[in-house]
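Starting from the known structure of chain A, fit chain B onto it as the hints suggest.
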Amino acid sequence: MPLLSNVGSADDVAIRARDLCKHFGTTAAVRGCSFDVRFGEVTGFLGPNGAGKTTTLKLIVGLLKPSQGSVLVAGRPFAVHRRPAAVLGSMFEQAGFFPGCSARAHARIVADAVGVSGRRVEEVLDIVGLAAVARRPVRALSLGMRQRLSLGVALLADPPILLLDEPTNGLDPEGIAWFRAFARAQAARGRAVFIASHLLAEMAQSIDHVVVVAEGQIRADCSLSEFIASGAVSTEVRTDRPEVLAAALRDRGYDVHEVAATPGLLVIAGKVADEVGRIAAMAGTPVLALGIREPSLEAIYMAHTSGASLPMTAGSLDLWGAARDSTGSADRR
Amino acid sequence: MTVPNVHLGLPRAELRKLVMLRWTWVAAGVGVLLAAGTAGILAARSGVPNFPGSVHVIHPDVAARLQEQADAGSLAEYGAIIFGVVGGTIEWRARTWAVSLTARPRRWDVVVVKFVVAFFGGAAIGVAGTMAAGAVASAFVPHDARVFHLQHAAGAPTISMLWHAVATTAPGTALACGLLATLWSAIGLLVRLPALAVTGAVAYAVGLRWYLAEAAPNLARWLPEWASQGFAQSPQALTIAAISGSNQTATPSAVAGAVVVTAVVIVAAVAAALSIRRTERA
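Chains A and B supply the protein sequences, listed in that same order. Residue 143 in the numbering used here sits at position 143 of the first sequence; the count goes up by one each step and never skips. Residue 420 in the numbering used here sits at position 87 of the second sequence; the count goes up by one each step and never skips.
Rather than coming from a laboratory, the hints here were simulated on the basis of the structure. Fair warning: there could be bad hints in the mix.
[Unchecked claim] Residues of chain B placed beyond 12 Å of chain A at every Cβ, according to the derived structure:
1. Glu401
2. Val460
3. Ala468
4. Pro504
5. Val535
6. Ala536
7. Val539
8. Gly540
9. Ala548
10. Ala549
11. Leu552
12. Val588
[As the list claims (entries may be wrong)] One side of the interface only, derived from the structure: several residues of chain A facing chain B at Cβ under 10 Å:
13. Phe92
14. Cys101
15. Ala105
16. Ile109
17. Val110
18. Gly115
19. Ser225
20. Met282
21. Gly284
22. Thr285
Beta carbons: idealized from backbone N, C-alpha and C, even for Gly.
With the rest of the complex left out, here is chain B:
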């Protein structure tokens, strides 16, 4: 009997659990479709003009519109939230703690790996959503508007304006989706009831956070989805001001983002500790 790497076995098992779960694909599909669909609609309506030849001076309005289309990738957050919450409740729902914890009795290993897998799974949904948004938007944007010279000199390498915007947005979106998936995985572990946890996640995703952005933008900037944009130092980060129309709140800084990342880790650790105690009664 060959023994594969035992240390990688646990993440692989967690990943396999999630891959087998229909909800994982539903969540990923929701995230990617929302991102791609919104980017496509924005691109179709934007009416970005066709430039005569390559340009090296980007028209601010064009840049803003392309960035907006790229930012639509952040809507993959919806999928990441569902992914996280479903992943967090899976063991309670299926009553598989005994199976998981007798296979690997060190509870902290098991729970930490769950969070790590949730983070990377969420981040993957974020990246997929952002890429899908870029791909769909690029179908609507004239080729010349997508390309500009990096330098003034003729023959210099060219890059796509749209994909440049996507590239600058993607790290923040991936981080946001990863953090949201981890946070909601932790909440799912605590709530245990899938229906309740998913209801809470949807309420947060479509209502609560937007209400918070309107009512208390200074508070909302600390939410993972917006703080992580600052942490990733995206030049065109999705700001509270952009969301709420308020100019009072600036894009969160990298420091703020780091604080939020730390906060998510602390929430996850608390959820892990409480869940570990609960598994003793499972």
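Bound conformation, chain A alone:
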């Protein structure tokens, strides 16, 4: 990975946060967050609004000082690097634009500050697809175009680490697809891409690693496949004698939930469809439907962010035609 040598990083860790805390008065926005962001991966930093994502990002780039803990970017505090913008490029959702500027002029101002040439400005405007509107005033750009401009500015010094706060906000479906491909391409080049978002469904198609934050605390830090696997698989069975089958299953030690909203539906923890079918036959209860349910990515995410156990409700099961959640399951990714 040639980019690693550019920043002098001894290992493949681009960002290393340890016991990071930030208090605003009596409010703890970030509470003991520790995680790593690695080169060559797209890491999703996921959490609901107000979870502490943007605060954590600001701690990483030194816009905020941590109340406790430390964060290193390519082995050093961000501001200590000789050319910090050449190590990490960032875009923040709330960041503004210099007034009276065209897209090109805004990028030129930042280019001057980070010490790159005007030619590089033209390159990044081309990369983010704004070359045709570069002369247009920023105030005349759509939200999506402004997002692209912010992304282009983050790329100016060609940094090996990208830190992006809600980068798909305001992008149309085409723009979102473009961004996914962009993020994947950056990771394929060895860059570390750290994306904070509350939109799991959009991020799930482009991330390799997941860091879930809620109420200022890390709730999950694993690969996407591990994250999906962390969701409890369940077996769901429908019968016209649920109380009999439930009793038979419980007698054999199974964890059975009766779903009040859908009469006749039982949810059994684990991937035990064969056993459930066999026990139902032995108990003499007709099985109307039987299936395995892998929880949706959203369900896992919600379980992590709310701190609750994975939901076992009628809402999680397509099979029964009951009210389903709106997000789709992980296996449809």
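Same frame as chain A, now just chain B:
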């Protein structure tokens, strides 16, 4: 990818921000037009007589009138004040601190460069105003009144009386405008709200300082616009006495000017320190 001088990049970025801002040009225009317009009016009314041939003894009244016209250049201070205050509030108004401070995370570098650019930008407005005042005034003053021999000897080099007056005023005006722009940039950084900061700047420029000059000339002499004239050792410095009609206050000395320059630097440093803390919550 070529990498231009990183150290000069930050001043260049700050300058580019200000150049892109419409208010910068409004401020510069206000300053230059006030200076040039006032100088033109004074020159048109002065009735400086036409001298028969070149003279080497300057008539005191003529010299005073020409100096007065040259001093009109100091009205560029109005533009410098607006320039400073707008420059100081720009990052708050546009919410661009995150952009600026992630590009260059060392906050002191960023804020100090802002003040340096404000100083030189203000000084440039001062110089432009003074030059414009001289140019407009010279259109109204007879040629012979503008020229005198440096020495008694025939064939000695000649210089313009008016431009000599402009040249003696310009350093003080440039310094005054630079200091005012820096001071008001610092105030803008602290106030953050552009409308409030500009209102305060205008109130100071057109009212407060003149009231202070009337009511407390000994205090007013320490204001940057007048103290800097003393610091620049302008022989025809704009004095409080000239402003207020009082003879109690002399032109500030170079020492007084140096003290005021130091005070402005201290105010700017305090504003920088407070602003840097505030940027952590921006």
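Output the indices of the hints that this structure fails to meet, ascending. 19, 20, 21, 22
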